[in-house]
Each structure stands twice: as C-alpha cells, then as structure tokens.
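Given only the sequences and the hints, what does the whole structure look like? Please build it.
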Amino acid sequence: MSMPYAKLPAWADYGLIPVINLAVAFLVAGFVVLLVGENPFRAAVVLVEGAFGRGQGIAFTLFYATTFIFSGLSVAVAAHCGLFNIGGEGQGYIAGLGIGIVCLAFDSVLPWWLTFPLAIVAAAAMGALWVLIPAYLQAKRGSHIVITTIMFNFIAASVMVYALVGFLKPAISMAPQTRTFLDGAQLPKLNWVIELFGAKIRSAPFNISFLLALAMAILVWVLIWRTRLGYEMRTYGHSAKAARYAGISETRIIIMAMMISGALAGMMALNPTMGDQHNVALEFVSGAGFVGIAVALMGRLHPVGIVLAAILFGMLYQGGAELAFEMPAISRDMIVIIQGLVILFAGALEHMFRPYVQALFASLSPRSVGIEAIKGKGA
Amino acid sequence: MAQAAIELIGINKSFGAVRANRDINLEIARGTIHGIVGENGAGKSTLMSILYGFYQADSGEIRVGGQPASIKSPNDAIALGIGMVHQHFMLVDNFTVLENVILGAESDALLKKSIAKARSELERLEREYGLEVDPDAIIEELPVGLQQRVEILKALYRGAEILILDEPTGVLTPAEADHLFRILRQLKEQGKTIVLITHKLREIMAITDTVSVMRQGTMVATRQTTKTTVGELAELMVGRRVLLRVEKGEAEAGGVKLAVKNLTVRDSRGVTMVDDVSFDVRAGEIVGIAGVAGNGQSEMLEAISGIRRAVSGSVMLDGKPIDLTGAADPGELRDRGLAHVPEDRHHVGLVLAFEENENSILGYHDDPRYVRGPFLDIDAIRDDARDKIAKYDIRPADCRLKTANFSGGNQQKIVLAREMEQDPGVLIVGQPTRGVDVGAIEFIHKRLIAMRDQGKAVLVVSVELDEIRSLSDRILVMFAGRIVGERGPEASEGELGLLMAGVEQREAAE
Amino acid sequence: MDLFNAIIQVLDSTIRLSVPLLLACLAGLYSERAGIFDIGLEGKMLVGAFAGAASASVFHSAYIGLGMAILISVAFALIHGFASITHRGNQIVSGVAINFIAAGSTIMLGQAWFQQGGRTPALASDERFGAIIWPGADAVRGVPILGPIYSELISGHSVLVYVAFLAVPFTWWVLFRTRFGLRMRAVGENPAAVDTAGISVAWLRYRALICTGVLTGIAGAYLSMVQNGGFVKDMTAGKGYIALAALIFAKWKPVNAMFACLLFGFLDALSIRLQGTPLPLIGKVPVQLMQALPYILTVILLAGFIGKAIPPRAGGVPYVKER
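Residue numbers (this note's numbering), protein chains in the order written: chain A, 1 to 379; chain B, 1 to 510; chain C, 1 to 323.
For the record, the hints were derived by calculation from the structure and aren't laboratory data.
All clues given are correct.
Capping the alpha-carbon separation at 27 Å, the derived lysine-lysine pairs in DSS-like fashion look like this:
1) B:K188 with B:K117
2) B:K112 with C:K253
3) C:K251 with A:K140
4) A:K169 with C:K284
5) B:K402 with C:K321
6) A:K241 with B:K402
7) B:K188 with B:K200
8) B:K72 with C:K321
Between beta-carbon pairs, the in silico distance windows are:
9) A:V121 with C:Y162: 55 to 65 Å
10) C:P144 with A:S173: 44 to 54 Å
11) A:V48 with C:A124: 40 to 50 Å
12) C:A124 with A:A199: 53 to 63 Å
13) B:L110 with C:R313: 23 to 33 Å
14) C:D126 with A:L34: 32 to 42 Å
15) B:S59 with A:L360: 18 to 28 Å
16) A:L360 with C:R313: 33 to 43 Å
Partner residues are not named here, just some residues of chain A that face chain B (Cβ under 10 Å, in silico):
17) V222
18) W225
19) T227
20) G230
21) R234
22) S239
23) A242
Built from N, CA and C at the ideal position, the CB exists for glycine as well.
Now the structure itself:
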C-alpha cells in the first residue's frame, strides 16, 4: 500500500507486466522453434539445463551476464536523460583499442591489479570519447543521436579493423588481433565462488569484472536517484522545457549523460578481452552492445532489473550455445530472435497487456487501481 | 417552438474513474444560437466531442433532426450535417487553405478535380457569408482570426447545418471576436444552427438565443438568454457566488526591483513578438499585464526569466542586468531573488512523472538546503515538501505521490509553494489560475496579495481580464508585442478591452 | 579513354549500388511522411532478401521470389505498425526489434531449411532478374561517349533498377497529386486534423507502412536476386541505415532522395574502385577510411552544416486523442 494512488500496484507494474511480456516473447520464440521442426518444450529444457544445470553452465551464464550488465546500464543511463544510445556496440568496440594499448604496454611490468584499473580508465575514456561527437551534435546542432550513434558504430568498426590489421597486431602474425596478454593483463577467475557451492567447473571465463559490473549497477542507482546530476538528467529526460526552466544546461546534461553511458559501454569490453580471450580481436563485442537495449528495456531501466535481465540474457546465450549443440536445426541465432522479440514485447509493446491487467485488478479490487482517488480531471 | 436540430438524451461518459458527463439531456432548436457555459472541466468539450463523434458516449441517445442517430466517428457527424470548430484548430500548418478545406472531403482519388471544385465552392461561401480568405495562402502565415475562418469554411464546405464552436474567442482580439459574431448571426439567418461553447458569460449574453449551464459533468439549467442575467449564470456555473474581488489594501510601492527597458524578442521564426517594451515593477506592488493570448506576453516572461533570448533591450534586477543572450542561467537568477511561476505548469513548471517532493525543489536542486556535495539530501527534501504541503493545503498530502495524480489546482499550488517559499524579491507569475478550480483561485489570489504586502515585487500575466483587474495595482495592456497603455485598477473593462484590441494604436497609425 | 571508361564503370556501379538505397529510402519516405519513424528498414530489406531468394530457389521463379519478398517485408512493416500505431509503442524501439528478429530469423531459418550456413542455394539465371538489353545497345557501343553511356549506363540493368528509378516520379506524384498523398502528408504533420476530418489516422498510417513494406521488399529482392545470386547472411550490411541518412539528407522529398542515394552509391562505388590505389596528392588512402567515408559524410551532413532538415512534425509521436 505504499502507492495507493498508482494505477497498478508496484509489484504488478515492475514484476507482473514484464513477466507477461517476457512470456509472450518466449511463446513466439517457441513457434519459431516449431517452424524449424523441433520441440519447443524440449528446447526450453535444454536451454535452462545448459545455463543452470551444472556449475560450468552457471559460470558461463554469469560471464555473459557481466557484459550485458554494462551494456544494459549504458542504455539505461542515457534513457533516463531521454536519449537513446544505440551506439553501445561501437563504444564498446572502440574501448578495445584503449584496453589493447594499456594491456600491451603494461602486462609485462605490472601485476593484474594495477593493469586492471588502468584498463578500466582507458576503456571508460575511449567509450566516453566515442560518444562525445554524437552527443555534442545532438546538444548543439540537434542531429538525431540515434542516427549519429549508428553511424559511429560503423566508423568504429572501420577504425578497429585498421588498428587490428595495423599497429595492434604483432608484425609476424596474420590474424587481425593483438598478441595474447601476459599474466599482468589477465583477470582472476571467480569460478571458485561457484565451486564453493559444490559445483565442479572445468574451465570457464567467469571473472572479477563481474564484481565491477555489480559495483557499477550500484553506482548507477546512486547516480540516477541520489545525486544532483541524476536529478537533472531525469528532469531533462522527462521534459526538456522543465529542465531549461530549472536552469539545467541542455548541452552539459546531454554530454554528461551520454559520456557516462559511453563509459559504461566502454567498460563492457573488459570482460571478453582481459577476462576471457586475453587479447583484442576483430568483432569481439559481437552484438553485446545491442543486447544492452533488450536488457535495459526488460529491466525497466532500473539497475536491479538490469542485473536480473542481464542474467536472463546470459542464460539465453549460454543455454543457446548448448541448444545449438543439442539441436542442430537451431543455431545460436535463435538468441538474436529472442532478443528481438524481447525488445518488441518488453519495449515497443510494453503497454499491450496493461489494459487487461488493469481490468483484471479493477474487477478484483476497485480500490487498488485508484478509482476513488483520481478526481477533478474532467474534459 | 421550432423543431429541434439536436436532442441529447441521457448521455453518460467516463474517462477511467472520471465521470465527464452524467445523464445529460439537451435540446437545441433549429436556426438558433445555443450557448453552453461552464467552468474548465465542466464537461462541455466532452459533450460536444460526443456529438461530433470524436468520442462515443457510454450510454444515451442522440437525435438529429428528430431522427435517432448513431454517431461513431466524425464522418457520421459530418454526414448528418454537423460541423465543429475546435478550440485548437485542426489545421495542417504547412498546407494551403484549399488543401486544408478539402482534406477528408476530396471528391475522388486524384486531387485535381477536388481542388477545382473547392475553389469555386469557396468563392460561393465567400459571397454568401462574407468569409473572405485567400485559398492559396499557407495556414501558418495567416493570422489566428483567419485560421479560424478556415475552420468554419471547412465545416461549411462539408455541408454543415449545425456548427459547434468550442471556445472560439479564446485566441481572438475583441474586434476579431465581434467579426466572428457577425458571421455567426449571418449563418443563423441562413438557417444554420450554432452551438457555442464558452466560459465567457458576456459572449453568451451578447449573441445566444438560449443558454445551458454545465457544472461538474451535469447539465444544471437551460435558460432563454433574454430571461437570465450574468449573475444568475455565474452562480449556476460555480454553484455559489463567485468572489470577484479579493480584499486588499492600498499598495505601498517602494523602490524599483525589476526594470525592463526597450525589450525586443523574436520567436524561432524570426517574428517580432515583443517590441520595444519598457516598464518597472516596484517592491510592494502587483503589476498586471493584460492582453489577448499570443500578443507577446509569453515570450516576454520567458525573456525576463532568462529562458529565451532577447534581441535587444535590458532587464535590471535590483539594479543589476539580467543576461538576455539566451545563455542566462535561470539558477543564477533564482539566487538573485527572481522566482518564476511559468504559464505552462505541465511541461515547464513541473515534471509530471516526478514525485511531489522532487518537484518541490525543481530549479532549487542546487540549493545547499537540499544537497550534500554532489548528492541530494532526500530527508531534507521530503521534510521541506511536507512543510509546503501543510502550509499551502496541497491535497492529497502525500509528498511521494506522482505529480500527475494531483488536480490542476493542487499542481499549481505545488509550483507556487516552491517559488514563494524561496522568499524571492521579485515574483513573476504567468496565468496564475489557468485550469484551476474556484476554491484554489481564491487561495492563490490571497497568497499573491500577501506576497505584495510583504514588500515583494509581483508581475502577473493573465489572459483573464477579471483576474488582472482584481489583483493588480497597475495594469499594463499588451497588444501586438507592445505595451499600449497603463491604467489603474479602477479602469473599466470596456476601456481595457479597447486597449487589448489595439484600437488606440490603430487609430494613431491611420 | 581509359579514364572515360573508368568513369563509366564507376557510374555504372553507382547506379547498381544506389538502387537498394533508393528503394529503401523511398520506403522510409512513405512511413516518415506519415509520421512513423522507421529504423527497421534494414530488417525489412533483410527479410525481403531472404524470402525472395529462398522462394525463388524453391519455386524456380524470380517473380514468385519477388512476390514473397514483398509479402514478408510487408508483414514486418505491419508488425511495426501494430507496435507503433495500434499500441503507440516507441517507434525506434520497435524498429530495433524488427532488425533483430530479421537478422536472427533469416540465418536460423536459412540454416534449418537449406543447411548452407545461413545461405540460400545459388540461384539459377531464370530464378534471378536478368539484365534488360535495350534495342540497339550493342550496335551503338562503339560510338564514342554516347555509345557507352547508352549501352552501359542506360541499358543493361535488371527490371528492378528501372522500377527503382520510376518509383521516384511515381512517389512524387502520389505524394502531391493524389488524395492518399495529401492525407498521408497531413497525418505526418497533424494527425488530429486528419482525425477530426473523419479519416482514420491508424488506417492511413498502416497504408503508408504497407507502401514502405512493398518497397523494402523490392529492395531486398534486388540484393539477393539481382546484385547477388542468392541470400547471404546480413547481406544488407547497414544499407537500411544509410538509406535513412539519405532520407534526412533529402529532407523527405522524393527527387532529393534519388540524388542523395546516387551520391552515397557513388561514394561506395568510388571506394571500391580506389581500394589500394594511391591518389594524387593524398597518397594511399586506407581501405578502412574509404569504407567509413559514407558514414563520416553522413554525420557531417547530419551535423547540419548543409542546410537544416525539418522532419514531419508529428514524426515519432504516437497519436493519442486529446482529452
């Protein structure tokens, strides 16, 4: 009863409706599985077992989730300021350049716990810088940031190819990637945490950047709801006119929000590079930036929701890999479809089921939907 | 009695929990002008939107010309000969007059024939009713009065026999309004039926044959206009005597707090909206700016409060200039004691999605009372909000409630509480009581006068002439971006009305 | 003469590369003029390309392929409509969703049905749209200047190329000379005016989106059945986004759209032509820079240093009746 005047109880708003949306997305995905001639129920079982059945699966699920937490937070921070950062992919990719340079320079001289902070700074700085031009153009010239950040994704891809076939690559190697990082740029694994619960893990890339992701989730919560900057971002996100009236500089707030968003997107590059492959390779982001859109929408832009949604998508990625292995007709691209469906149902169609849920609540208990509370809003 | 053009029987309509219309019965005689009066939110527009097929009634019956009619969309209404002139014109701004007139009434799939037909039809209407307008003009380049004429032409082009006008004079100067009334009388003589929705009683008395009064979604009474008075209608509208004047003593004006000199402001299209305006506001007085909406008042307020760039001129606050380059920091102006209650509380003065307490610091969110370093001091903010809720009787008294869930009057109180409690030296208020219920109007007026009596300089802009006359110690009238006259509070309505219409100025120019 | 031949070749590939952009750009024009942002052009092209190549190879008919491309692409356009018109969802989010669903489902279904790693089987020549040789094209080839222009640039393209360029005046005519066009432009500017005139805003916007779907379907068919002899995964490779940029550059006008797409096509053709070739004065330009150039130029264009693009006023905003 904390919000007696809300149209729906908070648990329905933040719990029930997302769950319904998600269920419908999976239902449609089930039809796609049927379409390729497999049994969707068995597919679901394989998927969940693959993700959570064994310690190995859990570790991989959390490994994937780590990247998605960063990218989801990145989208959410921009969204709270009313901006759509669709360029997380490019910002994460270009951050690989900063990470690569730092790691190649220091992995032989510094221990990982010194290289890591440097790499964090480099990744965040590269991500933030990569969004600076689109943010500036949005703030000063009104260029639609959705389009400019998309363009910067393509430009980032070109820059990274240039760097990886050029100066980042060892001269003798043919593969467009850096050399393998030495111990000084390899992040410690966290697999032992899962093993504490008795699970056995052969090898999994679940690493310490997961903790960084959780820390960032907390920081983002503090930023959005407990700081002046966050207050200003939310004001601008809801009403640019109100922000102008309140003395909030449009240019400053757009650039700040986008750079924080870009920095978070940049940090997602730490996990696959220093945590897993121990190099920077072509296409290493592989769509994680876009997954962030689905994660942020699914998590309703709240850090707690984002962490949960990221774990869900981690599960899909890990379980999806198992699925592709078990059912040859289903490729890993099934995940991309599910991603799209989640964005569709949790994002664009988020209000589709609301009237039905409201009607249901109204029939159960009229008081809870505030029939009596709202007055004086005539024509 | 003439046959009824329209009969509404037992109309009900709810929006969610709000009952906008309850058991409405209404009969409108053919060939008459029928007024419908009521306060904002009384349900007038909803009722007419039902008649026009924009909404469907939850229950009830509509009869047109004695026949039961099922009006499910504007199309049905148009087919039954009902036309509507909306309060906010339903025109495509970058289309020509012709294109707007034929939109939705094109005779066939290609435009050529429709345009030719519309052109000759417009000529006919122009001859018959004196509705002159250039068919090839672009809408956004026409003055408001002509845009409204295009709306009327649209309805007539579709063969409207019954014409509904929703608050048609809100955007017009008195002269334009007179012209409109002449047109309406002419239409009536041609046998058309006119339904006029308004909250201005003077218009009702001047032009209607019969009048119906709505209050809180119900139809309270219907009268022959000749057999009623403004006083009776006003009483029916609000349910009790309106307090037209707030008690107030003589102003004790002190030194100049706000000095505006030769201020000129252009809008985004480069049109001069404020033209060389100068005036002072002293401590301990309320200066009221009267004028028909759209004569530059909004732009002037925005320029003074640092939100909008001015082309030239100066504004001095306590003898020190305000940055008019558009780069002004409204926060800095607040620090200097300038508080601003904006005209548009929904999009400017408040963030409706915020909790009440978050709105109670909007613009003051950098104030040391509410922050600790880069962080918000949530406890201090909420305590402060609770204090204001108590002091300004904001209901419901819940500082965590979403602002959108407060009524218009309470939302306005949230803004006023925030701005007044900062103890500013200068308070500028745009439309203090727009969309606010009667009870809250009285409260707000008393507060504004209390501010004055504390020695604050208060600048009020309102399109409600009554409000200006009741509050102001000095009245400045704005027309076409200029201050065209200054009068005392004793000035008559007629005198101010002429000024608002720019009459003096026009005579001087000729 | 070498230079002239090189120019002709670059211009010829400019035309070929412009066509999918032009079709997609005009597709976007219909929906954006009606007030619906469409970031999902990319995805609709992709499903069009897949449906086209897949059914052409199964039914051995280019025209069935084209029909299916259009059908599926329209279906995706209707999903966008369902989300953004009927349910008033965020149009950008809906577009992103469509791009994902398209990217995932084309690969997955392709793999499941054809087992060629997401490709469709290579199309035989009768399953593709072949080049149309104009009368006398071979005869005049030897004529200096005009000969190659006629035989290389004007003649010798597939029917879809001519469809694309004819769609330009046709779109202009629809927009400015028909009732549908008038209403569509009106609904993109002020849907309330359309609503009160007794026209259904939703149905009008749906029809605009169907036009969008038809054109992206043709664009997709062009990619997989003309430019390429079959579907390859992610074969749109960002063309939908470039088309969107071209639309902004063209200020939502059909003839401008053609020139914008030709410009981007030209840049693309040039970058392919110049790969690894040292340029006078500048020296050797990295391939990656040439590839990124269209995107960089688009950003510069978007920055508004060349005029200001004012989008349809109601664009991106779901229509809700005022209370």
